[in-house]
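A.B. asks: What follows is the residue order along each chain.
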Amino acid sequence: MSCPDPVFEAPWHAQLFALTVHLHAQGTFDWPAWTEAFGATLAEHRLSGDLNGGDDYFTAWLATLERLLDANNMAPPAAVEATRDAWKQAYLSTPHGDPVRLS
Amino acid sequence: MPHDTHDHPHALLPPDPALRVRALETILTEKGLIDPAALDEIIDTYEHKIGPQNGAKVVAKMWTDPAFREAMLTDPMPLLDEMGFYGRQGEHMVIVENTPQVHNVVVCTLCSCYPWPLLGIPPGWYKSDAYRARVVREPRAVLAEFGVTVPADKKVRVWDSTAEIRYLVVPERPAGTEGMTVAELEKLVSRNSMIGTALATEPTT
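Read top to bottom, the protein sequences are chains S and G.
Once you know that position 91 of the first sequence is 91 in this note's numbering, the rest is easy, because the numbers rise by one and skip nothing.
Once you know that position 149 of the second sequence is 149 in this note's numbering, the rest is easy, because the numbers rise by one and skip nothing.
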């Protein structure tokens, strides 16, 4: 216990985890529905090789959340792609050290 | 971690999944469906307030307080609630006790269900396919890889978590700890010992 592992390996793991927990708390989905959907994604992703429980685990988590948010029309894929591209552009056009914001 | 030099002309581009998570947050925030401040609070809670130290408190108290132990084994929820360890993904806890006859170990074969209020966020290996698939098939071999050798005459029981039911293993109290305080005992209870992939730490003399 003297040298505990970091709780989240990457900041986006933490963001994704928090987003999911928050959506669940708001009643967007119940937890059994989440685990069932997540289990199915993990099984799919496993077809291309064993998952190590790190990045690949949260990649499957993200795919599950995107699917659920698409299914209930909260975040359609086209909007996600467009907003993702906008964030990418924002990062590429913001001088290093400045806070990155969507224009 | 991204390197931290200052010769980048622009802000360091996060990996694609990070941008996608950002995009979801943006869309849901703009629609008024989520509160970004709530997300920060959740992260802070899981990074700083919830972790195996909670489970260790339960275990050490069970070692030292027979009435509490009895209650935890039969109906743990009221007392966990009282201790402040009730919460999401810990609504239906089952406490399983290691004995000289039985060693318990916990897995989630479906995804990675885990008793968050008592142990925090699961470690990478708990979420790996290697652990999730193998501990059911050959628990003794997996435990041996963790450095836990279970004698042949001791049973190994594997508990598969579900979306509803989560398990906490109570490791056996090590010998030579009779005079220790509850606070000292808590330090002997590691995260892995409460999953079942370790024993309680022997006290240093």
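In short, the hints are calculated from the structure, not lab data.
Misleading hints may appear alongside valid ones.
Pairs of lysine to aspartate or glutamate, EDC-like flavour, derived with a Cα cap of 16 Å [said to hold, decoys possible]:
1. 31(G) / 70(S)
2. 88(S) / 172(G)
3. 88(S) / 98(S)
4. 155(G) / 172(G)
Being a predicted model, the structure only gives us computed values, none of them experimental.
A.B. asks: Each hint: holds or not?
C.D. replies: Going through the hints against the structure:
no.	hint	in the structure
1	31(G) / 70(S)	14 Å, holds
2	88(S) / 172(G)	52 Å, violated
3	88(S) / 98(S)	15 Å, holds
4	155(G) / 172(G)	14 Å, holds
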